[in-house]
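Protein chains: 2
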Amino acid sequence: MKKPLILVTNDDGITSKGISELVSAVKYLGEVVVVAPDSPQSGMGHAITVGDTLRLKRSILFKEIVAYECSGTPADCVKLAKHEILKDRTIDLVVSGVNHGSNTSISVLYSGTMSAAIEGAIEGTPAIGFSLCDYNHKADFTHAVPFIKKIINEVLAKGLPKHIALNVNIPAVQQSPIKGIKLCRQANTRWQEDFDIRVDPYGRNYYWMVGNLINNDSGEDNDEWAIANNYVSIVPCHYDLTSYAALKSIATDWDI
Amino acid sequence: MKKPLILVTNDDGITSKGISELVSAVKYLGEVVVVAPDSPQSGMGHAITVGDTLRLKRSILFKEIVAYECSGTPADCVKLAKHEILKDRTIDLVVSGVNHGSNTSISVLYSGTMSAAIEGAIEGTPAIGFSLCDYNHKADFTHAVPFIKKIINEVLAKGLPKHIALNVNIPAVQQSPIKGIKLCRQANTRWQEDFDIRVDPYGRNYYWMVGNLINNDSGEDNDEWAIANNYVSIVPCHYDLTSYAALKSIATDWDI
Numbered sequence: 001m002k003k004p005l006i007l008v009t010n011d012d013g014i015t016s017k018g019i020s021e022l023v024s025a026v027k028y029l030g031e032v033v034v035v036a037p038d039s040p041q042s043g044m045g046h047a048i049t050v051g052d053t054l055r056l057k058r059s060i061l062f063k064e065i066v067a068y069e070c071s072g073t074p075a076d077c078v079k080l081a082k083h084e085i086l087k088d089r090t091i092d093l094v095v096s097g098v099n100h101g102s103n104t105s106i107s108v109l110y111s112g113t114m115s116a117a118i119e120g121a122i123e124g125t126p127a128i129g130f131s132l133c134d135y136n137h138k139a140d141f142t143h144a145v146p147f148i149k150k151i152i153n154e155v156l157a158k159g160l161p162k163h164i165a166l167n168v169n170i171p172a173v174q175q176s177p178i179k180g181i182k183l184c185r186q187a188n189t190r191w192q193e194d195f196d197i198r199v200d201p202y203g204r205n206y207y208w209m210v211g212n213l214i215n216n217d218s219g220e221d222n223d224e225w226a227i228a229n230n231y232v233s234i235v236p237c238h239y240d241l242t243s244y245a246a247l248k249s250i251a252t253d254w255d256i
Numbered sequence: 001m002k003k004p005l006i007l008v009t010n011d012d013g014i015t016s017k018g019i020s021e022l023v024s025a026v027k028y029l030g031e032v033v034v035v036a037p038d039s040p041q042s043g044m045g046h047a048i049t050v051g052d053t054l055r056l057k058r059s060i061l062f063k064e065i066v067a068y069e070c071s072g073t074p075a076d077c078v079k080l081a082k083h084e085i086l087k088d089r090t091i092d093l094v095v096s097g098v099n100h101g102s103n104t105s106i107s108v109l110y111s112g113t114m115s116a117a118i119e120g121a122i123e124g125t126p127a128i129g130f131s132l133c134d135y136n137h138k139a140d141f142t143h144a145v146p147f148i149k150k151i152i153n154e155v156l157a158k159g160l161p162k163h164i165a166l167n168v169n170i171p172a173v174q175q176s177p178i179k180g181i182k183l184c185r186q187a188n189t190r191w192q193e194d195f196d197i198r199v200d201p202y203g204r205n206y207y208w209m210v211g212n213l214i215n216n217d218s219g220e221d222n223d224e225w226a227i228a229n230n231y232v233s234i235v236p237c238h239y240d241l242t243s244y245a246a247l248k249s250i251a252t253d254w255d256i
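Listed in order, the protein sequences are those of chains E and D.
Heads up: the first sequence begins at 1 in this note's numbering, then just goes up one per residue.
Heads up: the second sequence begins at 1 in this note's numbering, then just goes up one per residue.
Keep in mind that the hints were calculated from the coordinates and are not lab data.
Even for Gly, the Cβ is constructed at its ideal location relative to N, Cα and C.
Among the hints, a few may not be true.
[As the list claims (entries may be wrong)] In silico DSBU-like pairs for lysine-lysine, Cα to Cα no more than 35 Å straight-line:
1. E:Lys158 / E:Lys179
2. D:Lys248 / E:Lys87
3. D:Lys63 / E:Lys248
4. D:Lys149 / D:Lys17
5. E:Lys248 / D:Lys162
6. E:Lys162 / D:Lys3
7. E:Lys3 / E:Lys138
[Unchecked claim] Far from chain E, some chain D residues (derived; all Cβ distances over 12 Å):
8. Gly30
9. Glu31
10. Val33
11. His83
12. Asp92
13. Asn136
14. Lys162
15. Ala172
16. Asn230
[As the list claims (entries may be wrong)] Here chain D is said to cover these stretches of chain E; the calculated rule only asks that three of the stretch's residues, wherever they fall, bring their Cβ under 8 Å from a Cβ of chain D:
17. 6-14
18. 172-179
19. 241-251
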């Protein structure tokens, strides 16, 4: 059997520990090509570079693996890989991460990690975004690796429904081992922002955004519940933002 | 009756013609506050500023209207407005745009205009993103204004389903007048990217991303069809990315 072609990217940047762990996890599962941002791109959401130029540089960071450092966003990396670097080939799987920090619930919208995976899904390629719920740049990924491999093997063996990307979150290492994997829906949450106002040396204000996650979801079938209860969460994500329920109710209520 | 408090933002930046047209359209409908990016933020998707500072400056651009120029993304503008500038008040409506250029179908994911509106929806505030399908920075908005006012008046009068943002696209001015307003679903499309490779004065390659929209949708109930047929399109958008169909099929197929 032909080895699958696996594209690896992330949003923390090509020098982060998370992508190095992900490359180690996948390198025996197929032919791996890395195209990742040359600087941190956390919180970039589905940003793309439209009004500016992009740079691409061969990277020496991964031994025996073809890798590129890209000046753009995670979504740019996938677009460059698909339509430029690997344009004559078929990518079998896009994996993004492992992110340093959670991308559960509403964070999926702000996450560069997941936007790269969704960009893969748009292209019709099975895609997975992995996040470890630990923001430490030296976080311990040891307990996460068997789950990452298991999920990738399932996707390589069975595929995914067309145009779906998986949002996989893995609890930070704890005293007790992870209980298992839960298929979940995206929890109903929002970030309550605080702005930390400071004064610069020239007497002008500047702001740091500091968010607290407000969980309005009492269900046990969502990703926040899974992580809080020491399960790996998987949310299958699509990108049709149409609210069919609202479409119906507005059609009834409005006079247009 | 108390005048509604309307927050205006955009992604083309506070100096663009589109936001000036939007402010003119809404200033008699309520109390208007503008918080908009101090530079163009097209294609920023749902990016937020997490690893860097934010600046906010009172703007003199809008006569008799409180306005701020923000160094961040469109989503940052809404967060700063909600949780800092207007934190003791209730915003009744968020309007974003008018964008110079279409944000139909898949472009909703990459659009800063729509991310600002969706950020409003996350906060539970009715929100509308407006885009004119004309990229010219001096585009003619005259024909669009009556539709913008009509839609805003409907939303102010009847509200929107909770946590829904409208994605409104308006055809560029044409010989024949706009036929009307269509409630639509998001069309099934993707961008086929080409990369225009150039060589800088130092002999190194750089890339410009150039996309062509591939429309895989033969329906007549979607936003691409509406625009192509000279209708204003409205897609009600939510932000639960869970694919409930995929959740079911994966639960059946997988061995986890």
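Which of the numbered hints above does this structure break?
Violated: hints 3, 6, 11, 14, 17 and 18.
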